[in-house]
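Protein chains: 2
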Amino acid sequence: MPAPSIRCFLPFAAAIAVLAGHANRAHADEGMWTYDNFPAATVREKYGVQITPEWLDKLRSASIRLSNCTASFVSPDGLILTNHHCSATCLAQISTQAQDRLKDGFLAASRSEEVRCPTQYADVLMKMEDITTKVNAATANLDAKAANEARKKILTQLEQQCEKDAGTKDPRRCEAVSLYQGGRHFLYQYKRYDDVRIVFAPEYAIAAFGGDPDNFQFPRWCLDMSVLRAYENGKPAVTPNHLKIHWDGPAENELVFVSGHPGSTERLLTVAQLETQRAELPFWLLRNAELRGRYIQFSKQDAESARIVADPLNSLENSLKVRRKQLDALNDPALMAEKRAAEQALRATLQPGEADPWAAIEAAMQRDQELNVPYTFLEAGAGFNSQLFRFARTLVRAADERVKANEDRLREYVDTSLPLLQQQVTAPVPVYAQREKLTLSSGLERMREFLGPDHPLVRNLLAEFSPDELAASLVDATGLADPALRKQLWDGGKAAVDASRDPMIRIARLVDEASRAVRRAYEDEVEAVVDANQEKIAALRFAALGTSVYPDATFTLRLNFGTVQGWDENGARVEPFTPLQRAFERATGNDPFRLPDSWTQRRAQFDMQTRFNLVTNNDIIGGNSGSPLVNAQGEIVGLIFDGNIHSISGAYWFDTVKNRSVAVNTQIMRTALTQVYGAKALAAELGL
Amino acid sequence: MPAPSIRCFLPFAAAIAVLAGHANRAHADEGMWTYDNFPAATVREKYGVQITPEWLDKLRSASIRLSNCTASFVSPDGLILTNHHCSATCLAQISTQAQDRLKDGFLAASRSEEVRCPTQYADVLMKMEDITTKVNAATANLDAKAANEARKKILTQLEQQCEKDAGTKDPRRCEAVSLYQGGRHFLYQYKRYDDVRIVFAPEYAIAAFGGDPDNFQFPRWCLDMSVLRAYENGKPAVTPNHLKIHWDGPAENELVFVSGHPGSTERLLTVAQLETQRAELPFWLLRNAELRGRYIQFSKQDAESARIVADPLNSLENSLKVRRKQLDALNDPALMAEKRAAEQALRATLQPGEADPWAAIEAAMQRDQELNVPYTFLEAGAGFNSQLFRFARTLVRAADERVKANEDRLREYVDTSLPLLQQQVTAPVPVYAQREKLTLSSGLERMREFLGPDHPLVRNLLAEFSPDELAASLVDATGLADPALRKQLWDGGKAAVDASRDPMIRIARLVDEASRAVRRAYEDEVEAVVDANQEKIAALRFAALGTSVYPDATFTLRLNFGTVQGWDENGARVEPFTPLQRAFERATGNDPFRLPDSWTQRRAQFDMQTRFNLVTNNDIIGGNSGSPLVNAQGEIVGLIFDGNIHSISGAYWFDTVKNRSVAVNTQIMRTALTQVYGAKALAAELGL
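Chains A and B supply the protein sequences, listed in that same order. If you read the first sequence in the numbering used here, its first letter stands for residue 1, the second for the next number, and so on. If you read the second sequence in the numbering used here, its first letter stands for residue 1, the second for the next number, and so on.
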């Protein structure tokens, strides 16, 4: 699954603390609710607002899942509103040394100038079907390992049948979704738009004013918006179910809703799983902090070097901050104490003599820690950190998997996934040799450090070459930077891939046996045990609480409610709105605190009280980036782009007192479109 | 205190798990014993060897503390044997673009060609005096904060009196040493040699064969040796108490001793202190992993760039591995369980109603975590990571402190410390502008990230300049790279420093108020509380165990015993000796697995069974680098340079099953001196 992104991107796979705990959070507007289980009664009781099925349907069908973010339809002609950082990769992909779209922004003067984002797509959730009974029937009476295999097969079969049933006239992308730690399984049907084009993006300097230092901070002044358009058959998509924008933004304390795709939370994990994350997170952090240093130093060489690493560096810095603060949360004794108490309470509902699923998971976590290093370098590809290697691996594995029966394949190569895979691997995206050499040699070096120079694969690869030499020779000699060759190998399938003498293809082939072996060990000895026992815990939880709880985030559509409000920080009040005035006061003239000329030149014309960003207490997490913030009328009043620093611990629990989501106010969007960028046609299409 | 170093360098300040625990380690040859409390009876009972006071005196007076390591006298003319990595900074300091001594090695053709190491010195422990009664009398009946102040004053007074009593004919350097977590205080008297010259070092490629990937690994093939000479009054020092070298090395299972200066262990810390380390270590690791990445990328520019960052990069990589594995140890549930049990057992000896020192320390640790970030960036200087800034701070602080009464000064600026400080700050060492800009801008960037752009000092420094601009302007404009200016400012004292317009001096001055404020808060609210309560815990421990225990390491002289032995790793036996043959088999031709030409050219002449490195189960830690490994006759049979990977958890407990120290065998030293480097005079002086 593509990584969900937000100025709070989240990594791990995983709803509430149960029974015990949450004393100080009991009355929170907490929860990432599925649309079929939204607590409308609670909203009515607490806020006097009636949420109807029609209201829900409209918001759902205007909500979009991008590859990495959330977005929403905002015009009848397919116009999509999302964050700037959700379009950053697209902007980098369509940039050149001469024209830096990521840095300088983009505005299509007319629809014919809208530029396709090579790897972006837009999914709209059309239907959800509960398939729990079917899945459980397929896994009944099997041991954990066999059940894990059987579950994957039945999910593949159901997905395929679903797409077949939908037909080709108005096709559906069907995706199995496991919720409540495997306690429930669903089939989600999406309508997919695979032609998504960029319409507007402001300069990076205003989109991410304050840069990494201000990321996850508030007060804040980021115009973190971009506009895309979905196309079908070469024409703007027809999207009657779009949202209207309310250009005055919300009022303080106003009831607001966020519809979006939170990436992942870990609120239902066991204590052993949390302790494992605490032990394993530093391994990720260390490798990637070092990579950050390499990118930064590389970017000092010259402007072009800085340009080609800007997008991966920004993304990496965001991830580093998220995981660093997650680790801080896991070192918070209060959090662990609450988790222990909740676990103890649920464990007490076990029948005497019943097998203890927590103990089974704890044992599997031991194995997880043993497998973590080889899994990371081999199967997760950290040892071969390079876009070209990822192309090669996809081509090699697709070749090997596509000749198998659909249900016997690795899950990411089943028929229903192939169209997107093909788009991603054959897309015309730039590949920068210097950047590839940097990341690949860095990955090889760390693999040698952690697996050890005497590991057979390391020895095989590096007996004659240094990491730098190997990386350089691979990047220089491979032809995979050419999309035509990638298309040829994709289309040619196994025969073409097996016959290829391309060195990157050969390396991907060389690594694959060891890589699949560690994946197999992980799936059989960790994943299978965890899944089987999480399912048991889910059953205990359902028995105690029913569906009065919400499932952990899984980058699937959720809806939550809250209000516009600030918070107290070290005894001082943080107000919910930031005026434009203070952006000018805070600017230093140096990145990342530099306002672009387009803004400084118009300073005299602005209403300095225009509201720029705002905070609410909605419960969001990475993947919610680009989510529409809507009022009770279902109108957009803001654009979610970040959480405050306290929101990061939201991976594990929801801190009502300080956890806030951060949004772009529609007021400043209006100012930008009408006063700064002169985007007349766009403004008109958006109802301005 | 200069950082003690070893291919296992250790950072934190802090003897054994007490009462409970250590079940599987009960019969270990564990312990870093002070010379006045060496368990000779245990050695006699277990090994039938009588350790006499004379034997101890001889070994003690041949043992040397370097600024960063241990060493020993090995000839009557002041010849000193230590590790190559203990002389790495010296070698880098005396290198130029044209002549890279760190990479290519060094051999003085005659005594007149021996080159002075600008910042190295050699201390020999002459006497230890128990001053516990005097210190306790000075702090009696004071609250924690006042006691902390009073303790510092009395220690300063006693040190000064000691040096005065010793006189100037055969002067002594007197240093107060607190052992057993403040349960005992001593005055250690050293004879100091401040003129130490380099005599011999092999090439880096053989000294550190395997580089960072093999660091803390075994089997191993490192000729990690160098030879220095102490001078007095311009002549080789007269050192009758030197050790003889036994050139055949030790036998398997032979009883061996390590005399040296373990830097620091944390075996007596409370659980709250250990949990605090677990929470704080990632902060250090992240910053320094990033810096590693910057150094690595910088070193790719060209050979000269690689040369000027080689020494700090090697040292950083070593520290990163140590702290990474320390963090792993702190995430080991077994370690924490044992620590909890031991603490519980000792806590149970508290009298009813007695104040609980563990609870007091736990509360102080909360404050520690609050102060950690500002303390690190301001007082510990991480925000201004630059040699030039460190010169400036030393000059500014020395100027301000030297005008105060001795006992009122910051402890590192008392009279007894000034000669060394002066040597360090005025030494003619190279300063590399590019490296300075890299480290300084990196520190400024991270300070802005962690303290936040709105922190007053950050705002003050970076309102107009970017971190890169500020770093560049400071490094380019300061005159402090010139030792003559530094000497002038040192000699000129406060008047000269106050009058200086040097920009680095002015920045050091600008930072000093905030920096001293956070230090004051730390000393009063953390250090004072911890010290007072550790003293109480120490009293409980003495009451239960007397001095049948050893104190935590403090970079002061210790002696331990053990035997030459391998261990079992994942079911396979690791033999204690490595033959030369396998170094050739393992070499790839690429750094860090490249053997230098001096060795490959002589391959045919070697006895391939010559023993290269070896392991023993002695209990060592960072700071023991360069320690003589001696047999029962007090002869050197090896040179400690590292521990195996399991030794790193030795910071917290001693794992007899797998913890091993790693030494250079005297056999390979003989081969090197006689067959490879043609070091005839040196070999003769060493008795070959």
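No lab work stands behind these hints: they were computed from the structure. Incorrect hints may have been included.
Pairs involving identical chains hold if they fit within one copy or between any two copies, as the list cannot separate such chains.
Stated by the list, open to error - No farther apart than 25 angstroms at their CA atoms in a straight line, the calculated lysine to any residue pairs in the SDA-like style are these: (1) 487 - 427; (2) 191 - 307; (3) 300 - 468; (4) 235 - 351; (5) 103 - 449; (6) 325 - 366.
query: Taking each numbered hint in turn, which are not upheld by the structure, reported in ascending numerical order?
result: Violated hints: 2, 4; rest satisfied.
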